[in-house]
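> Residue-level listing of the chains:
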Amino acid sequence: MGRYVLRRLLQLIPVFFGTTFIIYALVWAIPVDPFAGKCGQRPCPPEYVAKMRADFNLDDNLLVQYIKYLGKLFTGNFGQTFSGVDVSTLIANAYPITIRLAIIALIIEAVIGIIAGVLTGLRKNGFLDNLVLISTLFLISLPVFVTGFVLKLLFNVSVPNSAPFFDLIVPGFVLGSLSMAYVARLTRTSIAENRRADFVRTAIAKGLPGKRVVGVHLLRNSVIPVVTFLGTDLGALMGGAIVTEGVFNIHGIGGLVFINIQQQQGVVVTGVVTLLVLVYLVMSLVVDLLYAVLDPRIRYE
Amino acid sequence: MAETVYDGSSGEFVPPEEVTAAGGEPLLQVLGLQVEFRTRDGVAKVLNGVSYHVNAGETVAVLGESGSGKSVTAQTIMGILDTPPAFVTGGSVKFKGEELLTATPERRRKVRGEGIAMIFQDALSALNPVFTVGFQIAEQLRGRRGMSKAEAKKAAIELLEQVKIPNAKGRFGEYPHQFSGGMRQRAMIAMSLALDPEVLIADEPTTALDVTVQAQIMDLLSEIQRERNMGMVLITHDLGVVAEVADRIAVMYAGRIVESGDARSIYAKPGHPYTIALLESLPRLDLKGQQLNTIKGLPPSLTNIPPGCPFNPRCRMAQDICRTEVPESVALGDGRSSACHFTGELMQRV
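Residue numbers (UniProt numbering), protein chains in the order written: chain A, 1 to 301; chain B, 1 to 350.
Hints may be right or wrong, so weigh each one.
Said to hold, decoys possible - Covered by chain B, per the in silico footprint, the following chain A stretches (three or more residues, Cβ under 8 angstroms):
1. 193-201
2. 217-224
3. 290-297
Stated by the list, open to error - No farther apart than 25 angstroms at their CA atoms in a straight line, the calculated lysine to any residue pairs in the SDA-like style are these:
4. B:K149 <-> A:R212
5. B:K169 <-> A:R297
6. A:K124 <-> B:R38
7. B:K110 <-> A:A197
8. B:K45 <-> A:A197
To be verified - Simulated restraints, written as ranges between beta carbons of each label pair:
9. A:R8 <-> B:D210: 32 to 40 angstroms
10. B:N167 <-> A:L9: 32 to 40 angstroms
11. B:F87 <-> A:K211: 20 to 28 angstroms
12. A:V293 <-> B:D219: 35 to 43 angstroms
13. A:R3 <-> B:E223: 40 to 48 angstroms
14. B:K149 <-> A:I169: 34 to 42 angstroms
15. B:S281 <-> A:R3: 53 to 61 angstroms
16. A:I298 <-> B:K149: 25 to 33 angstroms
17. B:Y267 <-> A:N130: 54 to 62 angstroms
18. B:S301 <-> A:R8: 48 to 56 angstroms
19. A:L9 <-> B:E223: 47 to 55 angstroms
No wet-lab data here; the hints were simulated from the structure.
Backbone N, C-alpha and C fix where the C-beta goes; we use that ideal spot for every residue, glycine too.
Turn these sequences into a full structure, and let the hints guide you.
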């Protein structure tokens with residue numbers, strides 16, 4: 001197990017360099033002058049442009065620029081925006097909000113999705129089953145901004161700048177709605193498949209109460225693929241949700257990336273995306289390890 | 001289905017109760033059990049009036065080809081049939097005189113494990129892969145006997161020792177896939193014994209195992225059965241196993257018991273052409289080099305059982321009457337019975 005984790009962590013190194021280089025190259029490869037429009041109606045004075053080019057190493061070739069950027073990154077310095085704000089400050093302000101939103105979305109999709117999946121998996125073709133199938137199909141087909149605007153109008157939500165926990169419930173529901181539909185369907189299939197399994201029959205033959213047969217023996221086996229899905233999904237949710245944050249005007253990480261792509265703030269975009277890549281990689285490692293914990297037949301050597 | 005009693009010597013009919021109730025009320029009694037599977041392709045009549053009984057301290061072997069309804073009978077007794085597609089349409093299952101088929105679900109649950117326990121064929125799929133073997137034994141003791149975690153663990157380890165699993169303490173915390181096939185079946189047996197059942201149903205307990213391990217498991221089962229004076233229903237198609245451990249035999253064909261009675265006496269003089277054919281198809285050392293006898297043809301499709309005796313298309317002795325009339329089960333004395341029109345002739349042969 002220890003060796004496996006170590007090997008997976010070592011694999012993170014090339015992935016880290018690869019992704020950050022691609023992001024860095026793409027951000028600065030956009031054929032637009034990053035200093036256009038930075039000085040109001042007039043073009044920026046040549047002195048200002050020269051100073052900025054020097055500060056951001058824009059005259060070096062791309063590889064040298066990238067290496068210089070990495071050098072700063074490894075000392076914990078994410079760099080500054082063109083207006084001199086620390087990128088780390090921007091991230092520190094935005095990320096807690098995104099994490100809160102992601103956790104709310106995850107809880108909503110896990111709890112509602114699994115409950116709906118278990119109930120329908122046990123009674124296929126019933127009224128509830130049809131209701132869940134139709135409503136999840138509805139959620140899957142709707143674009144997130146539609147769900148978002150409808151619920152925003154319906155519940156008259158406005159999220160304050162600090163985005164406290166309670167105010168994020170409706171946005172969290174919108175963000176988690178799509179995955180919630182998938183979780184419900186995944187759980188339903190998994191339960192229906194395992195319901196006739198030999199070990200469930202054994203559990204009944206042992207004289208265990210029905211609640212225990214379903215709640216322990218059946219659920220524990222059926223939930224394995226669902227937990228894996230939720231883990232990967234949390235990795236994605238942590239990357240922020242540009243659309244959901246946009247609809248509810250939440251100042252999280254998604255919004256931060258969006259604004260800075262528009263403003264050609266390459267340093268911000270690279271910094272944030274690098275962080276998101278790392279979070280995603282670590283989450284996928286956690287999911288793999290979790291899989292081994294949930295299913296003892298899987299052992300990583 | 002009416003059971004008529006035929007006394008071989010005199011040719012007179014005697015009421016059937018006198019045969020079955022000879023030793024007082026049996027521990028477990030199945031009477032005229034009928035089960036059908038309702039599928040999209042039609043209704044399969046899987047059990048067509050199965051009757052047998054088990055007394056305390058007795059091993060009854062239920063013999064038959066695949067699909068003859070041996071396991072379905074066992075599942076009906078346990079109340080673990082999948083409904084739908086399976087429906088019980090008639091008959092009765094009595095445990096110590098109590099009717100189980102009409103009992104409340106809660107009462108049936110109480111009988112499972114404590115009254116009647118069951119061992120399944122493939123222990124690898126029958127044990128839950130994500131829980132330790134110890135957990136799966138201990139959970140019954142905690143739930144039904146109200147034991148604490150430590151007490152249940154101690155009792156579970158004792159059970160594992162009783163089924164002769166070496167290093168039971170260490171193996172308590174292992175998962176089913178870490179056990180070998182034989183050890184897994186032993187663990188399964190330990191699990192079935194947790195609540196001291198009075199009847200143990202073993203559904204082909206050795207089919208999935210190596211030949212050498214099969215013998216060990218059978219020895220263990222019959223030893224435990226004797227020690228605890230349990231009634232045991234042994235479902236199998238292995239005639240060799242039956243000869244060694246069974247006190248009585250019930251031979252099943254197409255959802256019916258075609259012959260039943262004392263094991264020795266049936267082996268010595270089978271009273272049904274199907275039993276004769278089964279015994280002839282056993283490999284024998286003294287006939288080494290010769291081709292094995294087989295029963296020609298296939299068991300009937302249960303959605304379309306032929307009229308008359310279901311065995312008639314494959315029977316060497318079949319006459320016209322066999323193609324039109326279903327033979328009734330006839331008592332032959334000494335607790336034996338057979339469902340064949342010509343059982344009288346068969347029994348009188350030397």
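> Could you run down the list of hints and mark each one as holding or not?
Outcome of the hint check:
Chain B is given as covering the stretch 193-201 of chain A, and this holds because 5 residues of the stretch bring a CB closer than 8 angstroms to a CB of that chain, at least three being needed. Beta-carbon proximity to chain B at under 8 angstroms applies to 4 residues in the stretch 217-224 of chain A; the threshold of 3 is reached and the given coverage holds. Check result for the stretch 290-297 of chain A against chain B: holds, 4 residues qualifying (beta carbon to beta carbon below 8 angstroms, three or more required). About 17 angstroms separates the Cα atoms of B:K149 and A:R212, which keeps this hinted pair within 25 angstroms; it holds.
Between B:K169 and A:R297, the direct Cα distance comes to roughly 21 angstroms. Compliance with the 25 angstroms bound is thereby established for this hinted pair. At roughly 17 angstroms between alpha-carbon atoms, A:K124 and B:R38 fall within 25 angstroms of each other, so this suggested pair holds. Under the criterion of a C-alpha separation no larger than 25 angstroms, the hint pairing B:K110 with A:A197 is consistent with the structure, at around 22 angstroms. With a CA separation close to 24 angstroms, the supplied pair B:K45 and A:A197 stays within the 25 angstroms bound.
Remark: the range hint 32 to 40 angstroms for A:R8 to B:D210 is upheld by a beta-carbon distance near 39 angstroms. For B:N167 and A:L9, the hinted distance range of 32 to 40 angstroms is satisfied, since their beta carbons lie about 36 angstroms from each other. Separation of B:F87 from A:K211 is about 25 angstroms and conforms to the stated range, judged on CB atoms against 20 to 28 angstroms. Between A:V293 and B:D219, the C-beta spacing of about 39 angstroms keeps the proposed range 35 to 43 angstroms intact.
Checked against the given bound of 40 to 48 angstroms, the beta carbons of A:R3 and B:E223, roughly 45 angstroms apart, stay inside it. For B:K149 and A:I169, the Cβ-Cβ distance of about 39 angstroms falls inside the hinted range of 34 to 42 angstroms, so the restraint holds. Taken as a hint, the range 53 to 61 angstroms holds for the pair B:S281 and A:R3, whose Cβ atoms sit roughly 55 angstroms apart. A hinted range of 25 to 33 angstroms for the beta carbons of A:I298 and B:K149 is consistent with their spacing of about 27 angstroms.
One distance hint, 54 to 62 angstroms for the beta-carbon pair B:Y267 and A:N130, holds here, with the actual separation near 57 angstroms. The hinted window of 48 to 56 angstroms between B:S301 and A:R8 holds, with their beta carbons roughly 55 angstroms apart. As the Cβ distance of A:L9 to B:E223 is approximately 53 angstroms, the hint placing it in 47 to 55 angstroms holds.
In terms of the numbered hints stated before, the structure departs from none.
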